[in-house]
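Chains as they are written, first to last, in my numbering: chain A, 1 to 485; chain B, 1 to 485.
Where hints are given, some of them may not hold.
Here are the simulated DSSO-like cross-link-like pairs (lysine-lysine), alpha carbons at most 30 Å apart as the crow flies [to be verified]:
no., chain 1, residue 1, chain 2, residue 2
1, B, K284, A, K451
2, B, K73, A, K402
3, A, K284, B, K6
4, A, K73, A, K120
5, A, K248, A, K284
6, B, K6, A, K73
7, B, K73, A, K212
8, A, K449, B, K284
9, A, K6, B, K248
10, A, K73, B, K212
11, B, K66, A, K66
12, B, K449, B, K430
13, A, K73, B, K202
14, B, K120, A, K420
15, B, K120, A, K423
16, B, K248, B, K284
17, A, K66, B, K248
18, A, K463, B, K120
19, B, K420, A, K6
20, B, K423, A, K120
These are calculated hints, taken from the structure and not from any lab test.
Spelled out from the first residue to the last, the chains are:
Number of protein chains: 2
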Amino acid sequence: MSKPQKIIPQLPRGMRDHLPDELVPRMQVVERIRRIFELYGFQPLETPALERLEILSGKSGEESDKLTFRVMKRGAELERALEEVRRGAAPDELADLGLRYEFTVSLARVMAQYGDRLPKPFKRYQIGPVWRADRPQHGRYREFIQCDVDIVGTDSRLADAELIALMSEVFTDLGLDDIEIQVNHRGLLRALNGACGNPPGKFADFCTALDKMANVGRDGVEQEMRMRDLATDRLSQLWDFGQQVTDKSRSSFANALADWLGQITDQFILREPGVYESISTDIKNIQDVRGSAIYLGAQPEKVILNPFLARGLDYYTGPVFEAVLPQAGVGSLGGGGRYDDLIGLFTRTRIPATGTSFGLERIVDIMLERGLLPPSRSVAQVSVLQLAAGGEAVEFAGVILKFLRNAGVPCEVSYHADVKLAKHIQAAVKRGNSFVVFIGSDELGEYEKMKGGAPAELPIVAKRLADGVQRRLSLAEFAQWLPGE
Amino acid sequence: MSKPQKIIPQLPRGMRDHLPDELVPRMQVVERIRRIFELYGFQPLETPALERLEILSGKSGEESDKLTFRVMKRGAELERALEEVRRGAAPDELADLGLRYEFTVSLARVMAQYGDRLPKPFKRYQIGPVWRADRPQHGRYREFIQCDVDIVGTDSRLADAELIALMSEVFTDLGLDDIEIQVNHRGLLRALNGACGNPPGKFADFCTALDKMANVGRDGVEQEMRMRDLATDRLSQLWDFGQQVTDKSRSSFANALADWLGQITDQFILREPGVYESISTDIKNIQDVRGSAIYLGAQPEKVILNPFLARGLDYYTGPVFEAVLPQAGVGSLGGGGRYDDLIGLFTRTRIPATGTSFGLERIVDIMLERGLLPPSRSVAQVSVLQLAAGGEAVEFAGVILKFLRNAGVPCEVSYHADVKLAKHIQAAVKRGNSFVVFIGSDELGEYEKMKGGAPAELPIVAKRLADGVQRRLSLAEFAQWLPGE
Numbered sequence: 001m002s003k004p005q006k007i008i009p010q011l012p013r014g015m016r017d018h019l020p021d022e023l024v025p026r027m028q029v030v031e032r033i034r035r036i037f038e039l040y041g042f043q044p045l046e047t048p049a050l051e052r053l054e055i056l057s058g059k060s061g062e063e064s065d066k067l068t069f070r071v072m073k074r075g076a077e078l079e080r081a082l083e084e085v086r087r088g089a090a091p092d093e094l095a096d097l098g099l100r101y102e103f104t105v106s107l108a109r110v111m112a113q114y115g116d117r118l119p120k121p122f123k124r125y126q127i128g129p130v131w132r133a134d135r136p137q138h139g140r141y142r143e144f145i146q147c148d149v150d151i152v153g154t155d156s157r158l159a160d161a162e163l164i165a166l167m168s169e170v171f172t173d174l175g176l177d178d179i180e181i182q183v184n185h186r187g188l189l190r191a192l193n194g195a196c197g198n199p200p201g202k203f204a205d206f207c208t209a210l211d212k213m214a215n216v217g218r219d220g221v222e223q224e225m226r227m228r229d230l231a232t233d234r235l236s237q238l239w240d241f242g243q244q245v246t247d248k249s250r251s252s253f254a255n256a257l258a259d260w261l262g263q264i265t266d267q268f269i270l271r272e273p274g275v276y277e278s279i280s281t282d283i284k285n286i287q288d289v290r291g292s293a294i295y296l297g298a299q300p301e302k303v304i305l306n307p308f309l310a311r312g313l314d315y316y317t318g319p320v321f322e323a324v325l326p327q328a329g330v331g332s333l334g335g336g337g338r339y340d341d342l343i344g345l346f347t348r349t350r351i352p353a354t355g356t357s358f359g360l361e362r363i364v365d366i367m368l369e370r371g372l373l374p375p376s377r378s379v380a381q382v383s384v385l386q387l388a389a390g391g392e393a394v395e396f397a398g399v400i401l402k403f404l405r406n407a408g409v410p411c412e413v414s415y416h417a418d419v420k421l422a423k424h425i426q427a428a429v430k431r432g433n434s435f436v437v438f439i440g441s442d443e444l445g446e447y448e449k450m451k452g453g454a455p456a457e458l459p460i461v462a463k464r465l466a467d468g469v470q471r472r473l474s475l476a477e478f479a480q481w482l483p484g485e
Numbered sequence: 001m002s003k004p005q006k007i008i009p010q011l012p013r014g015m016r017d018h019l020p021d022e023l024v025p026r027m028q029v030v031e032r033i034r035r036i037f038e039l040y041g042f043q044p045l046e047t048p049a050l051e052r053l054e055i056l057s058g059k060s061g062e063e064s065d066k067l068t069f070r071v072m073k074r075g076a077e078l079e080r081a082l083e084e085v086r087r088g089a090a091p092d093e094l095a096d097l098g099l100r101y102e103f104t105v106s107l108a109r110v111m112a113q114y115g116d117r118l119p120k121p122f123k124r125y126q127i128g129p130v131w132r133a134d135r136p137q138h139g140r141y142r143e144f145i146q147c148d149v150d151i152v153g154t155d156s157r158l159a160d161a162e163l164i165a166l167m168s169e170v171f172t173d174l175g176l177d178d179i180e181i182q183v184n185h186r187g188l189l190r191a192l193n194g195a196c197g198n199p200p201g202k203f204a205d206f207c208t209a210l211d212k213m214a215n216v217g218r219d220g221v222e223q224e225m226r227m228r229d230l231a232t233d234r235l236s237q238l239w240d241f242g243q244q245v246t247d248k249s250r251s252s253f254a255n256a257l258a259d260w261l262g263q264i265t266d267q268f269i270l271r272e273p274g275v276y277e278s279i280s281t282d283i284k285n286i287q288d289v290r291g292s293a294i295y296l297g298a299q300p301e302k303v304i305l306n307p308f309l310a311r312g313l314d315y316y317t318g319p320v321f322e323a324v325l326p327q328a329g330v331g332s333l334g335g336g337g338r339y340d341d342l343i344g345l346f347t348r349t350r351i352p353a354t355g356t357s358f359g360l361e362r363i364v365d366i367m368l369e370r371g372l373l374p375p376s377r378s379v380a381q382v383s384v385l386q387l388a389a390g391g392e393a394v395e396f397a398g399v400i401l402k403f404l405r406n407a408g409v410p411c412e413v414s415y416h417a418d419v420k421l422a423k424h425i426q427a428a429v430k431r432g433n434s435f436v437v438f439i440g441s442d443e444l445g446e447y448e449k450m451k452g453g454a455p456a457e458l459p460i461v462a463k464r465l466a467d468g469v470q471r472r473l474s475l476a477e478f479a480q481w482l483p484g485e
């Protein structure tokens, strides 16, 4: 076979491989999250990685368009599109599919296609990769795992509360006890937008600017607001107000909300009619949501009010929430909110929904940093070392492996008999095995005599690699010597 | 909010959603396969869904090029490429990434990038989606799950044998006891190609034609051979030979191999020098592999010789194997073989490797057909029904839910109190819950009195939906009433 042409082995920009040592603990975190999703009655859903481009851009247009990896048409369709592009048409014609950049738009499509078949409300989780053609940054990747839970088809505040309780439970289970779940309501933000002197049409800009707080701080947000032609003359008042409310919410959530209402009506001018009533309703809503979340298991001191919490995306319509570790300075570990106008996108009906998402990458990073993930070991706990060649040695190895696997012990066999013992052991250490079992000519002799009896009683010689302790014992005794999971 | 434009909710052609009822058993099969991979000491690896196009086409060129979904360049690079295409350049310029159509080329890249850091031999598994821009057919999708195990860095026959033992164990564990693992050796096929009167340069065509046997039968293969300019005058002799050898291998594998050698030297003319020696070596090899596979746990009667087994792909160099259910007529459920010249693709060194793959889609289909997968039920076993409104009812629900979740019971709460009992129960049945717990005003009154005590002793009223049996009992007693997993 002729040598193939040399190609430089490299990854696409912003993407990663997960080698076993790093992947094993990562998978454990995913499994723990999945377990809690299921304990809360969420059902799994899987949708294709690719969606038709008109589905992907159905939601929000511009921003998502920039994020989408586009897949080129194929065959005759590509030929036709190329013809048009050569004649000057826009390059959009060349692609028909795109990689999903999140799960929500696919969920909206699923509800439109199979809504009748699904239980109502539909509580689903989806865990899997999404792709974003973002500029890669430290800790931000172009392919990453998203863990979403959503409750579709109810406007009950209990559903929002359940998500907050679930978030609290997930982070507590993962050992991130200092998690804080900040909550807010889009209606309150809307009032704040008005109180700052911005027209309702500027609300999306206002949210986008505020959303950058955690990354760029107050000065950065102010700069962003100027850039977006938002009013900035009352900002120092606004920052003070926000800090006070947040602080107060740590000792009394209800008082913080009362403060919010008092301050906004005293210090800011509410221009639009009906705003006071609308704010009162939203305040009642968020207070109920928090109260129920606590009944359902969230820890009271962990659910606080952040009146600036915006959750960038346009589509939120009610309560929003976000999980942060105030001490760690890593930004959001997850969050979500109610979005009542999005799921009906493809049906032209209003389907209320609420959901939240967990940021696996940041969760794993912080858990590793804090030593909350056990170091990965080789998958195979035991390696059976062939020191004698021939079919008999393989037969003996087979008996040992079968016995251990039946006992649930991951194990493997060395492939070559023509290797020195010291090399064998070195390789086992490098592989991360914890124990080795020897099959040399002495052991084979013993096996010959005992063959055909109960495997549990077969004598073997095993060594624990951590301390070099070597023992001659029966297979059953060996299985007991192994530490449990 | 203005109503968005109507978009038709549909999937990309050849792709699927997996709704919970179908996904849950599917996930169980994946987990059972994964568990056995790990019991055999294979470690997980994850690579990005996207690879650079030059990596993807590094392996085989044409065929893989046709299968690849290509991702368009972005930003300024796309602009430049468009300029060139408008001036007449080939459209290849427009794409830089592609969706993986299998895992092997990514494994070769991983070995080139991190070979030094990985244990040797490297035993890895990868389970995940791959994408192929094939013509969609019944039971063939453009996105499907591939489950691969490979052993990289050893030419030991034990490694090939271990894969056959693993295949046998996976299918037995899944309850597909009538699985047959057909084995062959590329060297024997090569000799067969010569014996039929084809030059060595026609070997790939010969394999491709034979590989279609399961789908199109002998006549189809013969037609394919004519199309590919292969010799066909000795085919009836060849078919008889193949059938005899396969049949004999069911009673004696060794005799079948002896027959193979005898017949090929007697009936066919071997033109090339050294062929007899080479065949003898290959025969010894495949006999050893099968023998070791049986020592390692494969059932002897299930490993048979199929002298026509080719495994389409060009890159196999030694033993090949394939799992089939002779009675079911569904084609291959998985297979693989040794490929010693591929993994070194990016390093220009020879890195021997052997691997096998499991066809999840067909496995799940046949298991469903045979009733081997339990029907899926709702993830939440218990639904707590609010029949009384107010914070107190939510508090009581929270206590019940927490108790059950701590006991590992998936459960949920109904979101609305203003629903009639009959409707509540109807909804729970539709959701697939097995039990409901009532929180009405009587139950709340009881809760009031007991509040603050041990949750285990709280009295509740629960109904088993399957038979309508309703009981008043403590939470602890209720947990014992629930059937275990």
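Structure-based check of all given hints:
no.	hint	verdict
1	B:K284 - A:K451	holds (26 Å)
2	B:K73 - A:K402	violated (51 Å)
3	A:K284 - B:K6	violated (35 Å)
4	A:K73 - A:K120	violated (37 Å)
5	A:K248 - A:K284	holds (17 Å)
6	B:K6 - A:K73	holds (23 Å)
7	B:K73 - A:K212	holds (29 Å)
8	A:K449 - B:K284	holds (29 Å)
9	A:K6 - B:K248	violated (46 Å)
10	A:K73 - B:K212	holds (29 Å)
11	B:K66 - A:K66	holds (27 Å)
12	B:K449 - B:K430	violated (34 Å)
13	A:K73 - B:K202	violated (34 Å)
14	B:K120 - A:K420	holds (16 Å)
15	B:K120 - A:K423	holds (12 Å)
16	B:K248 - B:K284	holds (17 Å)
17	A:K66 - B:K248	violated (63 Å)
18	A:K463 - B:K120	holds (20 Å)
19	B:K420 - A:K6	violated (71 Å)
20	B:K423 - A:K120	holds (12 Å)
Hints 2, 3, 4, 9, 12, 13, 17, 19 from the earlier list are contradicted by this structure; the remaining hints agree with it.
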